[in-house]
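2 protein chains.
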Amino acid sequence: MTRRIPASTIRRLSHYLRSLEDLERDGGETVSSEELAERGQTTAAQVRKDLSHFGSFGKRGLGYKVEVLRDYIREILGVDRIWNVALIGAGRIGAALFEYPDFGSRGYKCVAIIDSDQAKIGTRWGDLQVRSPDDLQSLITDLGVELIVLAVPAQAAQEVAERAVKAGVKGILNFAPIRLKVPSEVHVEDVNLVMQLEAVSFAITQRTVGA
Amino acid sequence: MTRRIPASTIRRLSHYLRSLEDLERDGGETVSSEELAERGQTTAAQVRKDLSHFGSFGKRGLGYKVEVLRDYIREILGVDRIWNVALIGAGRIGAALFEYPDFGSRGYKCVAIIDSDQAKIGTRWGDLQVRSPDDLQSLITDLGVELIVLAVPAQAAQEVAERAVKAGVKGILNFAPIRLKVPSEVHVEDVNLVMQLEAVSFAITQRTVGA
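Same order as they appear, the protein sequences are chains U and Y.
Letter by letter, the first sequence follows residues 1 to 211 of this note's numbering.
Letter by letter, the second sequence follows residues 1 to 211 of this note's numbering.
You may find that some hints are simply not true.
As the list claims (entries may be wrong) - Within a straight-line C-alpha distance of at most 30 Å, the following computed DSS-like cross-link-like pairs (lysine-lysine) qualify: (1) K65(Y) <-> K181(U); (2) K166(Y) <-> K181(Y); (3) K166(Y) <-> K49(U); (4) K181(Y) <-> K120(U).
Stated by the list, open to error - Partner residues aside, some chain Y positions facing chain U, computed with beta carbon under 8 Å: (5) E67; (6) A95; (7) Y100; (8) P177; (9) M195.
Just so you know, these hints were derived from the structure itself, not from any lab.
Since the model is a prediction, treat every value here as computed from it, not as a measurement.
No residue lacks a Cβ here, since even glycine has one placed at the ideal position from N, Cα and C.
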């Protein structure tokens, strides 16, 4: 499956998945595109279009089977398995991420925490001990880490990313405010909270200008 | 300006702005679409298309004046002014956001911090004292808060958002893992770190399937 799926579709799949899980908890067996649309704040046509990227689901007039669609979306998003994740940079971002209620339940398992701060190395985070950047490559290889959460200062990020990729990492959730240069087969998802604030101030500003 | 600008365009504008600021620091006076494209990891045609939403910039063969384009993008994004921001939920997410090097320099000024935890109320965060949710509406009104960072548990988020909107808030950076229901003139930007991880695991999974 090499065609390009829009980022907005993937984001909506994540929302549909949460809706389907809620429905299942409430004992729902089937769901219509209209219901999924309402919960995902989109249109029924968009729901059908999003799902059509991945095959044919549901029957006209009967809707989708909640459990079947849920399992299928889990498979599409790759959350039907366990991902070994390493956190590079044991600061507040990392701590916040692990507080997210669905981080662990989604199959993301933090198996290593690395920080260059001597004062942090050796301290415990839950079951884990913070490790030195010297151990980065061996930890990734030995523990089969495929995903890293990169939460280090901008000036360190590129070098750390390169070492992680060399050790076998395939995806990076990047909090450092730089554009990482990595081979095209490595997926980087940038998180920049200030840029997300800019999207809010943009929307407010444009509305005011338009008024 | 009421036409809809794609979210990906706004995101790239944020990247262009950072590139222009770097260029200016290095003494650059003009920049071509090609250079902006390279720094923003896109194409020159996309740069021109993104900017064309907002008017006509640059001269064929001469490129853009760095300072002029920088100021213009600042204006478009609404970061040519100060935004009074309230942080609702004084946890790790909020702390992490304030650590971002460009939060303050972008004109986002945190003027209030609110938390319902009695142990936190009254404690100091830099110059500010954590306040009770009872003061939410008066703080927003008195301090002219237009933007809030909502970092409270899911079950509290909708109620807090409604009270904030009633007090005059126009934009919300929402970390709570729910879809807020707010009037259409209020812009909500959702940040869900686990969903962003899902985008990474999706990309890895689809590549593996396609291989």
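Tested hints:
no. : hint                : in the structure
1   : K65(Y) <-> K181(U)  : 27 Å, holds
2   : K166(Y) <-> K181(Y) : 13 Å, holds
3   : K166(Y) <-> K49(U)  : 36 Å, violated
4   : K181(Y) <-> K120(U) : 41 Å, violated
5   : E67                 : 19 Å, violated
6   : A95                 : 5 Å, holds
7   : Y100                : 5 Å, holds
8   : P177                : 7 Å, holds
9   : M195                : 4 Å, holds
Consistency with the previously given hints fails for numbers 3, 4 and 5, ordered from lowest to highest.
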